[in-house]
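The listed protein sequences correspond, in order, to chains A and B.
Each residue of the first sequence is one higher than the last, beginning at 331 in this note's numbering.
Each residue of the second sequence is one higher than the last, beginning at 331 in this note's numbering.
Mixed in with the good hints, there may be bad ones.
Given that identical chains are not distinguished, each listed pair holds provided it fits within a single copy or across any two copies.
What the hints assert, rightly or not - Cut-off 20 Å, straight-line C-alpha distance, at most; resulting in silico cross-link-like pairs (EDC-like, lysine to aspartate or glutamate):
hint: 1; residue 1: Lys789; residue 2: Glu351
hint: 2; residue 1: Lys521; residue 2: Asp541
hint: 3; residue 1: Lys578; residue 2: Glu588
hint: 4; residue 1: Lys653; residue 2: Asp618
hint: 5; residue 1: Lys599; residue 2: Glu585
hint: 6; residue 1: Lys529; residue 2: Glu900
hint: 7; residue 1: Lys789; residue 2: Glu887
hint: 8; residue 1: Lys703; residue 2: Asp890
hint: 9; residue 1: Lys369; residue 2: Asp506
hint: 10; residue 1: Lys553; residue 2: Glu758
hint: 11; residue 1: Lys623; residue 2: Asp462
hint: 12; residue 1: Lys746; residue 2: Asp781
hint: 13; residue 1: Lys464; residue 2: Glu758
hint: 14; residue 1: Lys779; residue 2: Asp720
hint: 15; residue 1: Lys354; residue 2: Asp462
If you're looking for bench data, these hints aren't it; they were derived computationally from the structure.
Number of protein chains: 2
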Amino acid sequence: MYELLNNITSPEDLKKLKIEELNKLAQEIREALFNRLSKHGGHFGPNFGMVEATIALHYVFNSPKDKIVFDVSHQTYPHKMLTGRKDSYIYEEHFEDISGYTNPEESRHDLFNVGHTSTSISLASGLAKARDLKGDNDNIIAVIGDGSLSGGEALEGLNFASELNTNFIIIVNDNDMSIAENHGGLYKNLKELRDSNGKCQCNLFKAMGLDYVYLNEGNNIEKLIDTFTMVRDISHPIVVHINTQKGKGYKFAEEDKENWHYCMPFDIKTGKPLSSFDGEDYGSLTCDYLLNKMKNDQKVVAVVAGVPTNIGFTEDKRKIAGKQFVDVGIAEEHAVAMVSGIAKNGCKPVFATHSSFIQRTFDQMSQDLCINKNPATILINTASVFAMNDVTHLGIYDIALISNIPNMVYLAPTSKEEYFAMLDWSIEQNKYPVAIRIPCNGVISDNRKVDSDYSNINKYKIEENGSKVAIIALGDFYQLGEEISKSIKENCNIIPTLINPRYISGIDEELLDKLTENHDIVITLEDGILSGGFGEKIASYYGSRNIKVKNYGLKKEFPDRFIATELLKENGISVEQITKDVIDILNI
Amino acid sequence: MYELLNNITSPEDLKKLKIEELNKLAQEIREALFNRLSKHGGHFGPNFGMVEATIALHYVFNSPKDKIVFDVSHQTYPHKMLTGRKDSYIYEEHFEDISGYTNPEESRHDLFNVGHTSTSISLASGLAKARDLKGDNDNIIAVIGDGSLSGGEALEGLNFASELNTNFIIIVNDNDMSIAENHGGLYKNLKELRDSNGKCQCNLFKAMGLDYVYLNEGNNIEKLIDTFTMVRDISHPIVVHINTQKGKGYKFAEEDKENWHYCMPFDIKTGKPLSSFDGEDYGSLTCDYLLNKMKNDQKVVAVVAGVPTNIGFTEDKRKIAGKQFVDVGIAEEHAVAMVSGIAKNGCKPVFATHSSFIQRTFDQMSQDLCINKNPATILINTASVFAMNDVTHLGIYDIALISNIPNMVYLAPTSKEEYFAMLDWSIEQNKYPVAIRIPCNGVISDNRKVDSDYSNINKYKIEENGSKVAIIALGDFYQLGEEISKSIKENCNIIPTLINPRYISGIDEELLDKLTENHDIVITLEDGILSGGFGEKIASYYGSRNIKVKNYGLKKEFPDRFIATELLKENGISVEQITKDVIDILNI
Numbered sequence: 331m332y333e334l335l336n337n338i339t340s341p342e343d344l345k346k347l348k349i350e351e352l353n354k355l356a357q358e359i360r361e362a363l364f365n366r367l368s369k370h371g372g373h374f375g376p377n378f379g380m381v382e383a384t385i386a387l388h389y390v391f392n393s394p395k396d397k398i399v400f401d402v403s404h405q406t407y408p409h410k411m412l413t414g415r416k417d418s419y420i421y422e423e424h425f426e427d428i429s430g431y432t433n434p435e436e437s438r439h440d441l442f443n444v445g446h447t448s449t450s451i452s453l454a455s456g457l458a459k460a461r462d463l464k465g466d467n468d469n470i471i472a473v474i475g476d477g478s479l480s481g482g483e484a485l486e487g488l489n490f491a492s493e494l495n496t497n498f499i500i501i502v503n504d505n506d507m508s509i510a511e512n513h514g515g516l517y518k519n520l521k522e523l524r525d526s527n528g529k530c531q532c533n534l535f536k537a538m539g540l541d542y543v544y545l546n547e548g549n550n551i552e553k554l555i556d557t558f559t560m561v562r563d564i565s566h567p568i569v570v571h572i573n574t575q576k577g578k579g580y581k582f583a584e585e586d587k588e589n590w591h592y593c594m595p596f597d598i599k600t601g602k603p604l605s606s607f608d609g610e611d612y613g614s615l616t617c618d619y620l621l622n623k624m625k626n627d628q629k630v631v632a633v634v635a636g637v638p639t640n641i642g643f644t645e646d647k648r649k650i651a652g653k654q655f656v657d658v659g660i661a662e663e664h665a666v667a668m669v670s671g672i673a674k675n676g677c678k679p680v681f682a683t684h685s686s687f688i689q690r691t692f693d694q695m696s697q698d699l700c701i702n703k704n705p706a707t708i709l710i711n712t713a714s715v716f717a718m719n720d721v722t723h724l725g726i727y728d729i730a731l732i733s734n735i736p737n738m739v740y741l742a743p744t745s746k747e748e749y750f751a752m753l754d755w756s757i758e759q760n761k762y763p764v765a766i767r768i769p770c771n772g773v774i775s776d777n778r779k780v781d782s783d784y785s786n787i788n789k790y791k792i793e794e795n796g797s798k799v800a801i802i803a804l805g806d807f808y809q810l811g812e813e814i815s816k817s818i819k820e821n822c823n824i825i826p827t828l829i830n831p832r833y834i835s836g837i838d839e840e841l842l843d844k845l846t847e848n849h850d851i852v853i854t855l856e857d858g859i860l861s862g863g864f865g866e867k868i869a870s871y872y873g874s875r876n877i878k879v880k881n882y883g884l885k886k887e888f889p890d891r892f893i894a895t896e897l898l899k900e901n902g903i904s905v906e907q908i909t910k911d912v913i914d915i916l917n918i
Numbered sequence: 331m332y333e334l335l336n337n338i339t340s341p342e343d344l345k346k347l348k349i350e351e352l353n354k355l356a357q358e359i360r361e362a363l364f365n366r367l368s369k370h371g372g373h374f375g376p377n378f379g380m381v382e383a384t385i386a387l388h389y390v391f392n393s394p395k396d397k398i399v400f401d402v403s404h405q406t407y408p409h410k411m412l413t414g415r416k417d418s419y420i421y422e423e424h425f426e427d428i429s430g431y432t433n434p435e436e437s438r439h440d441l442f443n444v445g446h447t448s449t450s451i452s453l454a455s456g457l458a459k460a461r462d463l464k465g466d467n468d469n470i471i472a473v474i475g476d477g478s479l480s481g482g483e484a485l486e487g488l489n490f491a492s493e494l495n496t497n498f499i500i501i502v503n504d505n506d507m508s509i510a511e512n513h514g515g516l517y518k519n520l521k522e523l524r525d526s527n528g529k530c531q532c533n534l535f536k537a538m539g540l541d542y543v544y545l546n547e548g549n550n551i552e553k554l555i556d557t558f559t560m561v562r563d564i565s566h567p568i569v570v571h572i573n574t575q576k577g578k579g580y581k582f583a584e585e586d587k588e589n590w591h592y593c594m595p596f597d598i599k600t601g602k603p604l605s606s607f608d609g610e611d612y613g614s615l616t617c618d619y620l621l622n623k624m625k626n627d628q629k630v631v632a633v634v635a636g637v638p639t640n641i642g643f644t645e646d647k648r649k650i651a652g653k654q655f656v657d658v659g660i661a662e663e664h665a666v667a668m669v670s671g672i673a674k675n676g677c678k679p680v681f682a683t684h685s686s687f688i689q690r691t692f693d694q695m696s697q698d699l700c701i702n703k704n705p706a707t708i709l710i711n712t713a714s715v716f717a718m719n720d721v722t723h724l725g726i727y728d729i730a731l732i733s734n735i736p737n738m739v740y741l742a743p744t745s746k747e748e749y750f751a752m753l754d755w756s757i758e759q760n761k762y763p764v765a766i767r768i769p770c771n772g773v774i775s776d777n778r779k780v781d782s783d784y785s786n787i788n789k790y791k792i793e794e795n796g797s798k799v800a801i802i803a804l805g806d807f808y809q810l811g812e813e814i815s816k817s818i819k820e821n822c823n824i825i826p827t828l829i830n831p832r833y834i835s836g837i838d839e840e841l842l843d844k845l846t847e848n849h850d851i852v853i854t855l856e857d858g859i860l861s862g863g864f865g866e867k868i869a870s871y872y873g874s875r876n877i878k879v880k881n882y883g884l885k886k887e888f889p890d891r892f893i894a895t896e897l898l899k900e901n902g903i904s905v906e907q908i909t910k911d912v913i914d915i916l917n918i
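Isolated chain A, as found in the complex (with noise of 0.2 Å):
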């Protein structure tokens, strides 16, 4: 069945097939891709659009000696069966071998980990400028999607590269399509180019300094190995620009590529997952309540950075929004930016992505929404150690990214009425710029009354009280809360005291103060890193006074596909771990 692919170990390999043979290797990738795809789930339209491009680039330059950085890296499938990893998409048993991006300890033909847009070009004119400074002479070459243009890192990198006045090869793999539509103006002129045939007069890249070829026929093997092949060892910075499709090879993604873009284990015939989910989830029910906000108050807007289904803005659904939906396409900074800047002229803005992405917009929180106070909402999702596992997209950097910025209240709901009456709350007043950490366990609704005005900032909710122990369970680590209290209660014949914080950004030195009465020790529960974190500044408040504090969260490092709960327990993190400290420390 893979005849061809199973004699390749390594890129020498597919040099020796003659080129009516890598047609056939084509066919035999896809079905692979196939294989995994449909049973384990992963990057579906990127990695079929890839299948000619990256046969043609393995060709014709030598990797490792020529060094190719793929941007974002979610269409590396190929590359990998192609570098010796054939077998995590032929055998079932072999797929858990490989993550879903490049990975320099899976492979030499990996030059990083990455998981994040935007980022190829500026990565690579690092390894061309070393390659010089050191006189070597191999290709360098970075590959992007159109999607990705539109990120200020590479946008960045695309107008420094003609700096370098060496070799240096830019792909950029042209599929028409972000993860959902591409948005700005420079999609315009690369539909110009393709229109053209590459000749038009007006070349964004061209504008940015650089030279520039086109390939119409991206899924050609033949006419891509003349390209690459034309450009190889070049003296200079180059543009080349092929047309692929995305999903190319199934009916299906073809023709759907936004819902293919990526997919869940399914049946190859139908296209139907295998699997679904019915239950409620936060994105669609924030999606509802912002289309019913929106309906009674024209300056209520919806923003996005190229991910809109992560709010729930499904096609349908940002075609009801209509010109209250903003999608800006890859372009975090600028979203932030933005906002503010409807906050400023009067408007209502929420904007929505997740914690890994929000990281690109540290300055702007800082600078262009916080100082100047605008009241803009933020929600930040796939904030927990529950949600993606994949170490350049881990939810758990953001407590430290958000908190600490002057002026930002980050609040932390618990349940599904304290997340909706937050962000209600945050809508409707004018004075903060909120962020809202999305709870990651599921849609808890529970019978404890919430307040409708989070005015009163800073200030933590007592929901049971006790003594001696107080427990302060930060967002949706409050489940967490309930059952250690419940455990503590059982073991030590102590009723603890357990808090709701709600607020990430600052702490209720009333209620801590009140607290040292009758409490000898106080916990806190956060889900993402201590370093910088939440409970780090109740232990600092607590530093010359007689109370013993003990922080729980995970310690500051990159962990990379580990299952939740295991990697929980080995930070110290269950109930009855934190029970027996308790105890421990209580010297009971």
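Assemble the complex: chain A is given as a structure, and chain B must be docked to it using the hints.
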């Protein structure tokens, strides 16, 4: 002397002047600029170049109904003069009434506190979006310099702008300079545009989907008025590219644009500064060190992002460094990713920037650099309460920003010898991404022995052994620690232990454990905000132990134009106060 200017209290007064009077007004504005800048210092070149364009803007548009957002806003002195703040340029006793940047607290004509580059298009696009949601009809104008265009946020904004499909005017103030010369391919295109009077076919702005108009005489008031009048109330986004002369009206500034970007008080006749500093500074010391290092090692390369002289790379020294020096232009994100690539490919990059500007790169430090553990060196300067005191340029947030990123080794030298030992170690090692916080309390050379090897990560150094009180004094607060130690000796009859922690990004658990044996209190000192910082980690570590901790640092806020020693006092940081606190806590 200020016949016309004296009668202008708002743009309404400007509109009453005849066109021919406006040129006289321009002259008076320059006189007022000379008056303030020669006595007070400030941004010179940007303001002298924008006099005519600012007059024309306020003549044609109706601020504050029409909204003008200035990028960086270091070119807004003429704008301030025309919007009710002329006295702060004319009368020395009013110099301190205003900031050097736009400031909504000063005037309704200022929309945002802005000090970082490349933000105006995104901020203004938010104003435009809100205007459209509300159904208003004012003009929204973003003013941006050519130097700022290379920043990712600006390019993201430029790309997005065309999607607004509504009134939006981007004025590109092109004076063919950044702070130093521009870098990147887009500047070739700007030159082509200038050389062809805006007519060349390949046009960056059109490639970004925008309409475009060019004016070569960017210091000609009449032509500026004609051009702005033409685009006023336009129904779609347009770029107005004007060619201005940086420093126009002062021979020295016209001829030496880089050195006259900013000035200290100077003699108008000679252009010479009124005072000079001839002591040592870390900028030129660092440059000399690096030049020497480069001479002996082709692999060493210095990288800056638009601010070359921040580590002493004046024009002559840039020439000496040759290809071992790279200015990427205003493009901090690119710079960090690029140095990761340089290090990955076996060379030894050192990227230097301001504490405030490194904020642009949290994601690049985390994803591009630290996940990949590439051994690049980042130098952070102006990182101190004693550095810049404009709210947009504070150097007090970088500890929380950088030290919570896994794998990053963030070092805090306490003397000249220690700084260069750390820098040398960092350049020569190949295991860690390293950042170094350059001291801001002068170049202090004392007799303490410093280590040459810092690979024993997080090993603190006991500089003086004592008991009862331990002082952990970070970086350039080490000398404060010495003073406090002395005061405690004198006032409490205690010899404290004095510790130089050296590593900001981790704690020395062994040493901290040992301290519990014969110490009752540990105090920490850090030159930055406490929130998310260094001391809180110590407090957390000791949380459930029998030792007290008191953290000293600044509270989380955005102070503006403060006096450092006063701000420190307000935060309880003085030798007297800390001595008193220690006495209170020890109850002696």
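We went through each hint and held it up to the structure:
Taking the shortest Cα distances, Lys789 and Glu351 never come within 20 Å of each other, neither inside one copy (69 Å) nor across copies (59 Å). Both within a single protomer and between protomers do Lys521 and Asp541 lie at most 20 Å apart by alpha-carbon distance, with minima of 18 Å and 17 Å respectively. For a Cα distance limit of 20 Å, the shortest separation of Lys578 from Glu588 inside one copy, 13 Å, qualifies, whereas the shortest one across copies, 52 Å, does not. In this homomeric assembly, Lys653 and Asp618 come within 20 Å of each other (Cα to Cα) only inside a single copy, at 16 Å, whereas the closest approach across copies is 56 Å.
Taking identical chains as interchangeable, the C-alpha atoms of Lys599 and Glu585 lie at most 20 Å apart only when both belong to the same chain, with a minimum of 15 Å there against 72 Å between chains. Taking the shortest Cα distances, Lys529 and Glu900 never come within 20 Å of each other, neither inside one copy (58 Å) nor across copies (65 Å). Taking CA atoms no more than 20 Å apart as the test, Lys789 paired with Glu887 passes between copies only; the shortest distance there is 19 Å, against 31 Å inside one copy. Taking the shortest Cα distances, Lys703 and Asp890 sit within 20 Å of each other only across copies (14 Å), while inside one copy they are farther apart (36 Å).
Neither within a single protomer nor between protomers do Lys369 and Asp506 lie at most 20 Å apart by alpha-carbon distance, with minima of 28 Å and 56 Å respectively. Proximity of Lys553 to Glu758 under the C-alpha cut-off of 20 Å is found in neither arrangement, the shortest distances being 57 Å within a copy and 45 Å between copies. Only between protomers do Lys623 and Asp462 lie at most 20 Å apart by alpha-carbon distance; the minimum there is 18 Å, versus 57 Å within a single protomer. With identical chains, the CA atoms of Lys746 and Asp781 are at most 20 Å apart within one copy only, with a shortest distance of 12 Å there and 55 Å across copies.
Within a single copy, Lys464 and Glu758 get their C-alpha atoms only as close as 58 Å, which misses the 20 Å cut-off; across copies the closest is 16 Å, which meets it. Neither within a single protomer nor between protomers do Lys779 and Asp720 lie at most 20 Å apart by alpha-carbon distance, with minima of 36 Å and 44 Å respectively. Proximity of Lys354 and Asp462 under a CA criterion of 20 Å is satisfied in neither setting, with 38 Å inside one chain copy and 54 Å between copies.
Figure legend: structure checked against the earlier numbered hints; hints not met, in rising order: 1, 6, 9, 10, 14, 15.
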